[in-house]
Amino acid sequence: CQYETALDPELLCIFGTGDLGRSLGQRLLQSGYKVVYGSRRPHSCGPVPQGAQVMSHAAAARSASLIFICVHREHYDFIEMMAPHLEGKVMEVLIPYCVFSRLVPGAEVVKGLNTLSAWALQNGLLAGKQVFLCGNSAKAKHAVAEMATKLGLTVLDRGSLSAARELEDFPLQLFPQWRLPLCVALGLTAFFYFYLLIRDVLYAYFEDGKDISFRIMVSLANKVFPIVSLIMLSLCYLPGVIAAFIQLYRGTKYSRFPDWLDRWMLCRKQIGLIALGFALLHAIYTFIIPIRYAVRHKLISRMKNNKTTPFNFDNTEAWATDSFYVLGILGFFLYVLLGLTSLPSVGGSLSWREFNFVQSKLGHLTLTICTAHGYIYGWNKFLRPSTYKWYTPPGYMLCLVVPSIVLVLKMLLLLPCVDNTLTRIRQGWERTRLREEEGEIKATNL
Amino acid sequence: CQYETALDPELLCIFGTGDLGRSLGQRLLQSGYKVVYGSRRPHSCGPVPQGAQVMSHAAAARSASLIFICVHREHYDFIEMMAPHLEGKVMEVLIPYCVFSRLVPGAEVVKGLNTLSAWALQNGLLAGKQVFLCGNSAKAKHAVAEMATKLGLTVLDRGSLSAARELEDFPLQLFPQWRLPLCVALGLTAFFYFYLLIRDVLYAYFEDGKDISFRIMVSLANKVFPIVSLIMLSLCYLPGVIAAFIQLYRGTKYSRFPDWLDRWMLCRKQIGLIALGFALLHAIYTFIIPIRYAVRHKLISRMKNNKTTPFNFDNTEAWATDSFYVLGILGFFLYVLLGLTSLPSVGGSLSWREFNFVQSKLGHLTLTICTAHGYIYGWNKFLRPSTYKWYTPPGYMLCLVVPSIVLVLKMLLLLPCVDNTLTRIRQGWERTRLREEEGEIKATNL
Amino acid sequence: CQYETALDPELLCIFGTGDLGRSLGQRLLQSGYKVVYGSRRPHSCGPVPQGAQVMSHAAAARSASLIFICVHREHYDFIEMMAPHLEGKVMEVLIPYCVFSRLVPGAEVVKGLNTLSAWALQNGLLAGKQVFLCGNSAKAKHAVAEMATKLGLTVLDRGSLSAARELEDFPLQLFPQWRLPLCVALGLTAFFYFYLLIRDVLYAYFEDGKDISFRIMVSLANKVFPIVSLIMLSLCYLPGVIAAFIQLYRGTKYSRFPDWLDRWMLCRKQIGLIALGFALLHAIYTFIIPIRYAVRHKLISRMKNNKTTPFNFDNTEAWATDSFYVLGILGFFLYVLLGLTSLPSVGGSLSWREFNFVQSKLGHLTLTICTAHGYIYGWNKFLRPSTYKWYTPPGYMLCLVVPSIVLVLKMLLLLPCVDNTLTRIRQGWERTRLREEEGEIKATNL
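Residue numbers (UniProt numbering), protein chains in the order written: chain A, 1 to 446; chain B, 1 to 446; chain C, 1 to 446.
These are computed hints drawn from the structure, not numbers from a lab.
Values in this document were obtained by computation on a predicted structure and should not be read as measured data.
By construction, the Cβ of each residue, glycine as well, lies at the ideal position given by its N, Cα and C atoms.
Be careful, since some hints might not be right.
[To be verified] List time: in silico DSSO-like cross-link candidates among lysine-lysine, alpha-carbon distance up to 27 Å:
1. C:Lys298 <-> B:Lys381
2. A:Lys139 <-> B:Lys298
3. C:Lys304 <-> B:Lys298
4. C:Lys298 <-> C:Lys381
5. A:Lys298 <-> C:Lys298
6. B:Lys304 <-> C:Lys298
7. A:Lys298 <-> C:Lys381
8. C:Lys269 <-> B:Lys361
9. C:Lys361 <-> A:Lys269
10. B:Lys269 <-> A:Lys361
11. B:Lys269 <-> B:Lys253
12. A:Lys298 <-> B:Lys298
13. C:Lys304 <-> A:Lys298
14. B:Lys304 <-> A:Lys304
15. A:Lys253 <-> B:Lys34
16. C:Lys253 <-> B:Lys304
17. A:Lys304 <-> C:Lys304
18. C:Lys34 <-> B:Lys139
19. C:Lys269 <-> A:Lys34
20. B:Lys298 <-> A:Lys381
21. C:Lys298 <-> A:Lys304
22. A:Lys34 <-> C:Lys139
23. A:Lys304 <-> B:Lys253
24. C:Lys410 <-> C:Lys269
25. C:Lys298 <-> B:Lys298
26. A:Lys298 <-> B:Lys253
[To be verified] With beta-carbon atoms standing in for the labels, derived distance ranges:
27. A:Asp259 <-> C:Pro47: 38 to 44 Å
28. C:Lys269 <-> A:Leu362: 30 to 36 Å
29. A:Pro176 <-> C:Lys269: 22 to 28 Å
30. B:Ala190 <-> C:Tyr205: 50 to 56 Å
31. C:Ala138 <-> B:Leu340: 58 to 64 Å
32. A:Thr189 <-> C:Ile198: 43 to 49 Å
33. C:Trp379 <-> B:Ala190: 49 to 55 Å
Taking the hints into account, I'd like the entire structure generated from these sequences.
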């Protein structure tokens, strides 16, 4: 093949002397390659890494077998003019393109390294990073793959260039897995915020004539955040419970889950981390309660008004509030442990059994403790009429619905008979096949 | 060798179409291999990765040279029936087994990839992960090792199959290094909890007739947690001090430490992280003190009862309590820094000298500050008779014993004469050898 | 070449049976090499890894082709005596040296693995770790590189031995990138501490005769920490703004920045993390405010003195303080998110676009919120004469200068005309070249 004769395989050419071209050249030089740059103005193109040469585009392309295109789309016109010089070369295009392969029909185009960035190349964040190579020529892909592996990247073959279109969009998306969970969280926050605004501030204004609008900043926020956090945490464990019931119903583990359930199960980690963020905000809002002006005013006024009445110690109240705080603190502590094991380096250092133990068993324990924290909050208020302003339930009652459902379903799944069946299904047993075989045996016996 | 002729080395066979088999096949396809599945029911075995074929077991095994067994132990009977088809093949058994090699005497069994899990394969957490290969045939091990390296794993040869038994148990253990530290922590927690329960709640009940049992939830917990945290932190640095004294006593660094000391030194990181967890709980329990009902009641009652007495500002008390809090906060902050460098990614980005500086020097500073925090807590109570209820010392006094010992021993080790000797010993100097050589010189001179 | 004949390439020799030599030998044995140790006292040199042999130095060096020197500098004399035995061998010196190459003129010395430590070898923290090899012989370097790659290290060629001197100092520096930011932080802390000490404690002493020196521990610290944190955070984003204006002024992105700006931009991450540390201390100091003796005394005294005066609720004060806390909490929360993405594993799992979004956009949002937190702190105090003790501005006013400058300049950069020009410059457009081309066109037209 023509690029294997008379060309130095260790000489690589880079078109473009910007950040990306210079970072890539630096890293290739460090890995032992020889690098020559092709630039529009070889004599005044700015600094290039030490050890690299700079020539005109045509001269640089002549001697190298593999050419990296690191220029912006706006400058692709010159590449079209250079098409004769690029016949038979392997070209790796690092900048997103649409019609590149039409520009240079005689060259072997390979796309895949465009997920690299100047930043990643500079900071050496390459070890183990995956790149997907697309190209129509196996030899061309092999040449680029060899070089990428020498840089420390893991190369995965993704087929022909037609798959490249999809790959190009990939690094342009911003946190794609977080969009659905963030939308759900923001929706819940907005709903409960306005619900509590009506029940708290507007109720006080219309029923008692008081203006307590200052409460929207801290007091209402410190009710909305724990509500959204608990609901999101239960939404993290609900798909697993639903999936288990689907498997029990169908009697097999080999049929696919519905698409919505698959999608939900894929973003469980993001749902949990958002819930942890809301829990952290709730904790900090709680810590600053006693230094708030409104709280100090209430404390002082209470004493001035009741200065002769002795303040008898209510033991039940002490037990209730202390238990409430203990459950909240322990739940938050376990929550932080769950979040720690979600860090890539910590999770990667655990075995599957350990990771599953933390995320599943400790996770359900966290959900249980936080739900109990919510129940104790209103332990003596569930049956008071004054709790139900304008016949609506308070926010924390609405909040406890989904977690309670998840915990009840999970306890059903822990019943011995149900648990045994589910374990057998997950080890490969199938109810329908059993019936088939029974049917076959019966048919044979007849 | 017969598996190198007439078989496509790029074709791999997987028995089992469950999670593990499908994840492994997906990853092998991505790395460029061809994959064929052997299934009990080739036509309705559920989804297989795109690009893989599904056949009966016998047909699949015929064309491949390397076979992965990814089925549960309960289904091994069919493998025994297939023994003739598996003669001369290399089989990699991914599921724990006991008697597999007896089932298929003619095949070359290699074990090692059973530490992989479907989860790790799916999530690509393979880069750098170590696998230990055992097998009786070097060629077979080499074939599996080549494939494992292409997946990004690091392969270590562990000898023959007889070593496989020990390896199988390895991934089944749950947090093996954490067991001893957790037991110690729980033991200390239980001991101090009951000790303080007796001195605090039972003493008040029997001596003053008061029921202050509500205190067990927050007040007692907030004494037990810092006590256990400080003792665990000092247990983290005590083995290093003991080891230094052992080296000084023996005059050499080449003799082994006792087993118990070795075991202790191996779990220092886990001891430290558990201590950090207790410190974090202590911090959170402290932040919620002012919003507790019991604390507010005490504050309000104090004012009602003493409403005419002026409350003179006690400057010493202000200095003492503020110093107490400052030492606690700074100690906790350094503690968090220590914990951050324990994260795998952060610790891995530091050089040995930097890591040692943080863990050793900053670590001893943290221990010093936290011990001072404990001493200031009872600065004016050590000589009061009322501190010693029923002639027992309070919890914080017991707590300060071990840290003080560690700090005193460490200061002894910092004395110039002791430090010089220890440094020479650690660079290879030996007192006994010196005496031997002196003995030789004397013998020669005689 | 003589070391390629009659020697087993799989046999490596290690001089030195200390920690480093034993750890290196263990890891080489695991990777499949044969290891022989050379020791001064082959029969009583202490434990060596299982599978390795121990001989005298001469015997060990005879059969191996590659020799690792793992002994302390003090013991190099024996190497000089062994020079004849080491002719033609490749020697890798793991311990820093100055004149080693003069000791053994006939051997090929390669230096590079001295960045490894016994600790890293034991803990397997080798995957992807970079080592720089220096040596005068390409074949020697290649032999060492092959072995290093087999251990999982990434090898970079650094040229001849003359570059080794610089490499030796590299692992001896302690946190080199953190020195400048830490000095700046400590300087700011010291300055503001004494500034506030004078304005707060000394002013009260001289003007009012009160001794409020206890305030230096917590009250003053809780003003200094947020001030330093906010200034450091703005120093994190100021160089980016300066760089943008430099590019706008010069009309090109191809000219180098001044050295001081380059150096500043390289330690932005460390500046930001130090600022986060100060913010965390500020948060914790704020949480313990209500349990301080001085704060409780002030609260109680206030009520005793004004026991008949009703305490009217000031709505504006409630809004102001709650907004103040909300801005502080949200700013701190975003700050923690910024810090999380600075963790190597989390940052490495983000794409460049995502990382830039968090660090730049979320970062500027954090700066904005924290600056607003500072403005609200003194919202009604800016025009009061009593704020200016001895005609000096309070600390928080000084603190708001740099952040306000950064935010104003950043808003200038966001103006459409400025932003368009900057984007074109960053994509390669140059104002001077445009003028050159216009000049050329004019010259051509004349």
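Verification of the hints:
Restraint check: the Cα-Cα separation between lysine 298 of chain C and lysine 381 of chain B comes to about 25 Å, which is no more than 27 Å; the hinted pair holds. Note on lysine 139 of chain A and lysine 298 of chain B: the hinted pairing is violated, with a Cα-Cα distance of about 81 Å set against a maximum of 27 Å. The hinted pair formed by lysine 304 of chain C and lysine 298 of chain B meets the criterion: a straight-line CA distance of about 16 Å does not exceed 27 Å. With a CA separation close to 21 Å, the supplied pair lysine 298 of chain C and lysine 381 of chain C stays within the 27 Å bound.
Taken as a hint, the lysine 298 of chain A and lysine 298 of chain C pair is honoured in the structure, with Cα atoms around 16 Å apart against an allowance of 27 Å. A C-alpha spacing of about 16 Å is found between lysine 304 of chain B and lysine 298 of chain C, which places the hinted pair at or below 27 Å, so the restraint holds. A hinted pair counts as satisfied when its Cα atoms are at most 27 Å apart, and lysine 298 of chain A with lysine 381 of chain C qualifies at roughly 25 Å. For the hint pairing lysine 269 of chain C with lysine 361 of chain B, the CA-to-CA distance comes to about 24 Å; that is within 27 Å, so the pair holds.
A distance of roughly 24 Å separates the Cα atoms of lysine 361 of chain C and lysine 269 of chain A; the hinted pair therefore holds under the 27 Å criterion. Taking the CA atoms of lysine 269 of chain B and lysine 361 of chain A, the gap is near 24 Å; set against the 27 Å cutoff, the hint holds. Taking the CA atoms of lysine 269 of chain B and lysine 253 of chain B, the gap is near 23 Å; set against the 27 Å cutoff, the hint holds. Distance hint between lysine 298 of chain A and lysine 298 of chain B is fulfilled; the C-alpha atoms sit about 16 Å from each other, no more than 27 Å.
A C-alpha spacing of about 16 Å is found between lysine 304 of chain C and lysine 298 of chain A, which places the hinted pair at or below 27 Å, so the restraint holds. This hinted pair checks out: lysine 304 of chain B and lysine 304 of chain A have alpha carbons roughly 10 Å apart, not beyond 27 Å. Restraint check: the Cα-Cα separation between lysine 253 of chain A and lysine 34 of chain B comes to about 26 Å, which is no more than 27 Å; the hinted pair holds. Straight-line distance between C-alpha atoms of lysine 253 of chain C and lysine 304 of chain B comes to about 72 Å, which puts the hinted pair past the 27 Å bound.
The straight-line distance between the Cα atoms of lysine 304 of chain A and lysine 304 of chain C is roughly 9 Å, inside the 27 Å bound, and the hint therefore holds. Only pairs whose Cα atoms come within 27 Å are accepted, and lysine 34 of chain C paired with lysine 139 of chain B is accepted, the gap being roughly 19 Å. The hinted pair formed by lysine 269 of chain C and lysine 34 of chain A fails the criterion: a straight-line CA distance of about 32 Å is larger than 27 Å. Straight-line distance between C-alpha atoms of lysine 298 of chain B and lysine 381 of chain A comes to about 25 Å, which keeps the hinted pair within the 27 Å bound.
A distance of roughly 16 Å separates the Cα atoms of lysine 298 of chain C and lysine 304 of chain A; the hinted pair therefore holds under the 27 Å criterion. Between lysine 34 of chain A and lysine 139 of chain C the alpha-carbon distance is near 18 Å, which keeps this suggested pair within the 27 Å criterion. Simply put, lysine 304 of chain A and lysine 253 of chain B have alpha-carbon atoms about 72 Å apart, too far for the 27 Å limit, and the pair is violated. The straight-line distance between the Cα atoms of lysine 410 of chain C and lysine 269 of chain C is roughly 19 Å, inside the 27 Å bound, and the hint therefore holds.
Between lysine 298 of chain C and lysine 298 of chain B the alpha-carbon distance is near 16 Å, which keeps this suggested pair within the 27 Å criterion. Among the hinted pairs, lysine 298 of chain A with lysine 253 of chain B is inconsistent with the structure: their alpha-carbon atoms are about 67 Å apart, more than 27 Å. Roughly 60 Å separates the CB atoms of aspartate 259 of chain A and proline 47 of chain C, a value that falls outside the hinted 38 to 44 Å. Take lysine 269 of chain C and leucine 362 of chain A: their Cβ atoms lie about 32 Å apart, and the range 30 to 36 Å holds.
Proline 176 of chain A and lysine 269 of chain C have their C-beta atoms about 26 Å apart, which keeps the hinted 22 to 28 Å range intact. The hint said 50 to 56 Å for the Cβ distance between alanine 190 of chain B and tyrosine 205 of chain C, and at roughly 51 Å that hint holds. Taken as a hint, the range 58 to 64 Å is violated for the pair alanine 138 of chain C and leucine 340 of chain B, whose Cβ atoms sit roughly 42 Å apart. Between threonine 189 of chain A and isoleucine 198 of chain C the beta carbon distance is about 46 Å. The supplied range of 43 to 49 Å therefore holds.
Taken as a hint, the range 49 to 55 Å holds for the pair tryptophan 379 of chain C and alanine 190 of chain B, whose Cβ atoms sit roughly 52 Å apart.
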